[in-house]
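Trainee: Each chain, written out:
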Amino acid sequence: MKHKTFLWFVLPSSLAMLLFIFFPLVSIVVQSLHVAHDQVIVSVENCTLFGCTQSTMIDQEATEALRQGAPLGRFAGLTTYLDRGHLAVGEVAQAWNGAQGWRDFGSQMLNLPFYKAMAFTLTFTFIVTPLTIIFGFIIAVAVNSAAKRIRGPLIFFSLLPMIITPLVGSLILFWMIDARGIIGSALQALAGNPELSVKASTPMMWIMLMVYGVWHTAPFAFIVYYAGLQTVNTDTLESAMIDGASRWQRIRYVVLPHLLPLTTFIALIQLMDNFRVFEPIVSFAASAHATSLSWAIYNDLGGETRQLSSAAATSVLTVLGVAILLSPVLVRTWRDFGRR
Amino acid sequence: MHMYNKAAIVTAIAVLSGSTAIAGCGVDSGRVSIVGNEFPAIHTVANGAMACADTGVTVTANLTADHQTINVAGMQGNPAEYTSAIVASSSIVALMNEDVIRPLDDLVAEYGQDIPTRQLITINGKVMAVAFMANAQHLVYRKDVLEQIGVEPPKTYEDLLAAAEMIRAQGIMQNPVGGAYAAGWNLAEEFVNMYFGEGGALFTPGTAEVSINNEQGIAALNMMKSLTEYMNPDFLTHDSNATSAEWEAGNVALMNMWGSRTGVLMDAEGSTPEVYENTMVGAPMTVGGGTIPASTLWWDGWTVAKNISDEDAVATFLALKNGVSPSILTDETMGQAVWMIDGYQPAPVNDGVFAAMAMNTTPYPMLPYMGLLHTALGDNLAEFLQGKESAEQALADVEAAYTAAAKEKGFLN
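Protein chains in written order, with the working numbering: chain F, 769 to 1108; chain H, 4 to 416.
Be a bit skeptical, because a hint or two may be false.
[Claimed, not checked] Sample of chain F residues lacking proximity to chain H, with all beta carbon distances greater than 10 angstroms (derived):
1) L786
2) P792
3) V810
4) A861
5) M877
6) P929
7) S1007
8) H1026
9) L1028
10) T1031
11) F1052
12) G1071
13) V1090
14) A1091
15) L1093
[As the list claims (entries may be wrong)] Below, a list of computed lysine-lysine pairs in the DSSO-like style, where the Cα atoms sit at most 27 angstroms apart:
16) K228/H <-> K146/H
17) K158/H <-> K146/H
18) K228/H <-> K884/F
19) K129/H <-> K391/H
20) K884/F <-> K391/H
21) K884/F <-> K158/H
22) K228/H <-> K158/H
23) K228/H <-> K410/H
Think of the hints as simulated: they come from the structure by calculation, not from any bench.
All values reported here derive from a predicted model rather than from experimental measurement.
Glycine included, every Cβ here is placed at the ideal spot set by N, Cα and C.
Use the sequences and the hints to build the structure in full.
Mentor: Rendered as structure tokens:
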């Protein structure tokens, strides 16, 4: 393609990316480097129907001048990134120096919101992503070998978990695992413990969140693999059959190598998505057991006093996290590209 | 749901027809746009304001449970999208912090002489809101269950624990205590209640420095933990709605619940006669030998935006004044809240809130940095209740999380 043609070809999408991805990113980086001005607090008397009480309020006139001068707030550099709500450098150093053994150090780290969120987020990402790929592949192979007549309905039903809005899908599962729900009661009967509650136990809650994660994303892997299976060279498959290859051998030596690039693609997308796990935590009301970086952003913005700088810093850290997570896959793709 | 809709429509019709009789509210031009929480009493107020719509006057209302996440943004523009926000004790602070609501003194002097003084919320001597209802959490109990075990309704949390043990021991209910202990806002609110009941103060007086890691804080957490031992094990996921559902299902006999939510528990809907006929309200309970109840007093009221024209401000003031005027009180609306409006006649369902006021319950603090502490409490207390860390550690975590947030918002250096 000529350079000029190429330029016109990518211009609309580049403009859109600049507008909707690059500028917002710059905006959150700038926001995360600033904090609010020092608030001028004055003592006041508040009178309500319950009587008068001594209280405090922000002196708006005194802070107005500060705000006019620097509408972004005070420049704070990396302070927000390093504070207890984020990387907690001071607290980590303290735990490192004062901890009695690794166990103690670990538990002190998990008491810090960022590391607590990272522990769940990374566990979720590294368990759900491979399971999604495996289940997606199995479903794709199964559907592909089903009779032509029933394939349409089969594909539709296999895709349902992905079509359902995440918030609604996870709410449905949340009700099913309630102590009086169908799965909750079944688990109680299986374990022989009528007091068993999925929602009260942290390990069970983690497992349920991951079950939801796999249930929701396996259809994506399935549909990509299913499309890939349609392009497998039938000549190669037939010659493998003539050579006496079993069904397993055909999948192992013909189909899998053919689908490998697709696996890289699914892994990329899934690592990115799973690192941003959010909806099931809200729907499962699971914040007492599991938090994620996305949940932390939501929590910062959802309170009565919005913590914009804190949320911005967490967003930047999320972007960095995704970049680190994807770097091995990206480096590999780049090398493969260079080899050709 | 059907009954409720019907009630709302009847109310709307009653209010609308009432307004034609009154012939307007004295507004002939302007824009009124209300944002507020969504529950029956607020619908009634908004309907009362909407009755002022006329040629040249537009009145719209956006009532949603997510009002807190949109009201500041919706009032920061110039002109502001919302000319009025219906707020409570805590949410007015967010609007004051961002300086988006105007003092009402001039408007009250010119158009609101007939608003009773007790309804006016003054901050630093300026009227910032007009209250229309009071709310508090208090005891709700099952009369039949308490009669069965032969005890009076508990007056203290210690009595409540004793009664809960008897109910469990006699095999009447496995988890007889209810409570909105969902991690987040609800859990934080329950801690604030209990901490005030223990006689604690949240901040070093006159400063934004938190001080809750003390004897009262530990006592409050220990009492909460004792209560959770008699709750459904899923308590950390139960907000007010889920707790009400547990009550209506007949699984709970004793709980601390909002006055504004008890009407729903006592009506014939969503439950069996055994439950709703025996649902009674009591005074808020004290704890640890204290005299101040372990609860907080709340008011709901309306404000007027700062960044709007004076014409719109007058229209908004008059429309909402009509929204909280005695004319909105009908048989339908009377029981929806503890109205602070002349002509209100209390019903038995409102006894709990009145008792809370009579017992000098602490009002929820209207401090600029209270929202940050509430968030920090909601995020850091669950681990103690799960038995994963000590009360001291949980309180230290709250203080550290609050301090980091307060530094970012400029309240602490």
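Trainee: Hint by hint, say whether it matches the structure.
Mentor: Hints, verified against the model:
1. L786: holds, 25 angstroms
2. P792: holds, 17 angstroms
3. V810: violated, 7 angstroms
4. A861: holds, 15 angstroms
5. M877: Non-interface label stands for M877/F: nearest chain H Cβ at 13 angstroms, farther than 10 angstroms.
6. P929: Given a closest Cβ separation of 23 angstroms, the condition holds.
7. S1007: holds, 57 angstroms
8. H1026: Given that every Cβ of chain H is farther than 10 angstroms from that of H1026/F, nearest at about 46 angstroms, it holds.
9. L1028: Correct as stated: the minimum Cβ-Cβ distance to chain H is 42 angstroms, above 10 angstroms.
10. T1031: holds, 37 angstroms
11. F1052: violated, 8 angstroms
12. G1071: violated, 4 angstroms
13. V1090: At about 24 angstroms from chain H, V1090/F clears the 10 angstroms cut-off, so the statement holds.
14. A1091: holds, 25 angstroms
15. L1093: holds, 25 angstroms
16. K228/H <-> K146/H: Answer holds: K228/H to K146/H is near 25 angstroms, not above 27 angstroms.
17. K158/H <-> K146/H: holds, 14 angstroms
18. K228/H <-> K884/F: holds, 23 angstroms
19. K129/H <-> K391/H: violated, 47 angstroms
20. K884/F <-> K391/H: Holds: K884/F and K391/H sit about 13 angstroms apart, inside 27 angstroms.
21. K884/F <-> K158/H: violated, 40 angstroms
22. K228/H <-> K158/H: Holds, at about 19 angstroms.
23. K228/H <-> K410/H: violated, 31 angstroms
Comparing the model with each numbered hint stated earlier shows that hints 3, 11, 12, 19, 21 and 23 do not hold.
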